[in-house]
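K.L.:
Sequence:
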Amino acid sequence: MIEINNLSKTFSLSKQQRKEMGREFKGKTVDAVKDVSFTCQPGRIFTLLGPNGAGKTTTLRLIATILKPTTGTINVAGFNSVTDGVEVRKRLGFLTGGTGLYDRLTPNETIDYFGKLNGMNKEIIQKRKKELFDLLGINEFANRRVGKFSTGMKQKVSIARTMIHDPEIIVFDEPTAGLDVIAAKSIIELIRTCKKQNKTIIFSTHIMSEVNMLSDDLAIMHKGGLIYNGLFSEFKNQMREATLEDEFIRMAGEHELIDA
Numbered sequence: 288m289i290e291i292n293n294l295s296k297t298f299s300l301s302k303q304q305r306k307e308m309g310r311e312f313k314g315k316t317v318d319a320v321k322d323v324s325f326t327c328q329p330g331r332i333f334t335l336l337g338p339n340g341a342g343k344t345t346t347l348r349l350i351a352t353i354l355k356p357t358t359g360t361i362n363v364a365g366f367n368s369v370t371d372g373v374e375v376r377k378r379l380g381f382l383t384g385g386t387g388l389y390d391r392l393t394p395n396e397t398i399d400y401f402g403k404l405n406g407m408n409k410e411i412i413q414k415r416k417k418e419l420f421d422l423l424g425i426n427e428f429a430n431r432r433v434g435k436f437s438t439g440m441k442q443k444v445s446i447a448r449t450m451i452h453d454p455e456i457i458v459f460d461e462p463t464a465g466l467d468v469i470a471a472k473s474i475i476e477l478i479r480t481c482k483k484q485n486k487t488i489i490f491s492t493h494i495m496s497e498v499n500m501l502s503d504d505l506a507i508m509h510k511g512g513l514i515y516n517g518l519f520s521e522f523k524n525q526m527r528e529a530t531l532e533d534e535f536i537r538m539a540g541e542h543e544l545i546d547a
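In my numbering, the protein residues as written are 288 to 547.
Please note that the accuracy of each hint is not assured.
As the list claims (entries may be wrong) - Restraint ranges, calculated between C-beta atoms of paired labels, are given here:
#1 Gly340 / Tyr400: 28 to 36 Å
#2 Glu476 / Lys315: 40 to 48 Å
#3 Asp467 / Lys523: 40 to 48 Å
#4 Gln303 / Met495: 33 to 41 Å
#5 Met500 / Gly384: 37 to 45 Å
#6 Ile536 / Lys417: 42 to 50 Å
To be verified - As a list, the in silico DSSO-like pairs of lysine-lysine whose alpha-carbon atoms are at most 30 Å apart:
#7 Lys377 / Lys403
#8 Lys482 / Lys377
#9 Lys435 / Lys321
#10 Lys306 / Lys377
Hints in this document: simulated from the structure, not taken from any laboratory. Backbone N, C-alpha and C fix where the C-beta goes; we use that ideal spot for every residue, glycine too.
Please construct the entire structure, taking both the sequences and the accompanying hints into account.
P.N.:
This is how it looks when you write it as structure tokens:
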């Protein structure tokens, strides 16, 4: 389970960053996440929806202990993200666009290496690796160097790296971004498999078809805050527009007026 209470994150800006943001921006700080609260339950898929710059990635990095909150608390599997960061990381698999791979290593070498880093013995690594490679379709390029891979192939290896230690908490930041239909489908199937295994899953996206296919619970972020947090089924029942895209645009537009 992931429990987030009154979470905020403020970044201090350098002179160069303030200059890049334009003359209209007068502050020395920016609030990337503003008083956000939600809960992710085991065996359910929690979707964090929002446009680029809404605060999704910052929120997920806070959960993954890469960043520390300015205010508020995050509890992951009963552990505080700040005071018990090591315990959180043992139980969590985090995938983001910044999840790097070593170009000179093959997928086999990469996953063996990260399995050892997670304290796994060789037998367990091989068993888990076979499961992931079969599920993600990595076997056909398992002994080729990562540096020559396509975006989709690299993403599959990154996901195997993220999942090798069989974490109970899954945090995916736009896992299908830049992928073709076939690669994206394999990742969607992995997320569904994790749900069947009663794992706690949160993933961010701005792709409405993924929201519709996967979501049990939904939070919509806009300018660092939540404009919806609840069951996806209830969201669909409350929609005023015919499509998810149009409903999201309507809600974002209403909050633009409120903020103004």
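K.L.:
Does each hint fit the structure? Answer for all of them.
P.N.:
Comparing the hints with the structure gives:
1. About 34 Å separates the C-beta atoms of Gly340 and Tyr400, a value consistent with the hinted range of 28 to 36 Å.
2. Glu476 and Lys315 have their C-beta atoms about 46 Å apart, which keeps the hinted 40 to 48 Å range intact.
3. Distance hint check: the CB atoms of Asp467 and Lys523 are about 28 Å apart, inconsistent with the given range 40 to 48 Å.
4. Separation of Gln303 from Met495 is about 36 Å and conforms to the stated range, judged on CB atoms against 33 to 41 Å.
5. For Met500 paired with Gly384, a C-beta distance near 21 Å fails the hint of 37 to 45 Å.
6. Hint check: Ile536 to Lys417, Cβ distance near 44 Å, so the stated range 42 to 50 Å holds.
7. Between Lys377 and Lys403 the CA atoms are separated by roughly 13 Å; this keeps the pair inside 30 Å, and the hint holds.
8. In summary, the hint linking Lys482 to Lys377 is supported, as the alpha carbons are separated by about 19 Å, within the 30 Å threshold.
9. Of the supplied pair hints, the one linking Lys435 and Lys321 is violated, its CA atoms being roughly 41 Å apart against a limit of 30 Å.
10. About 40 Å separates the Cα atoms of Lys306 and Lys377, which puts this hinted pair outside 30 Å; it is violated.
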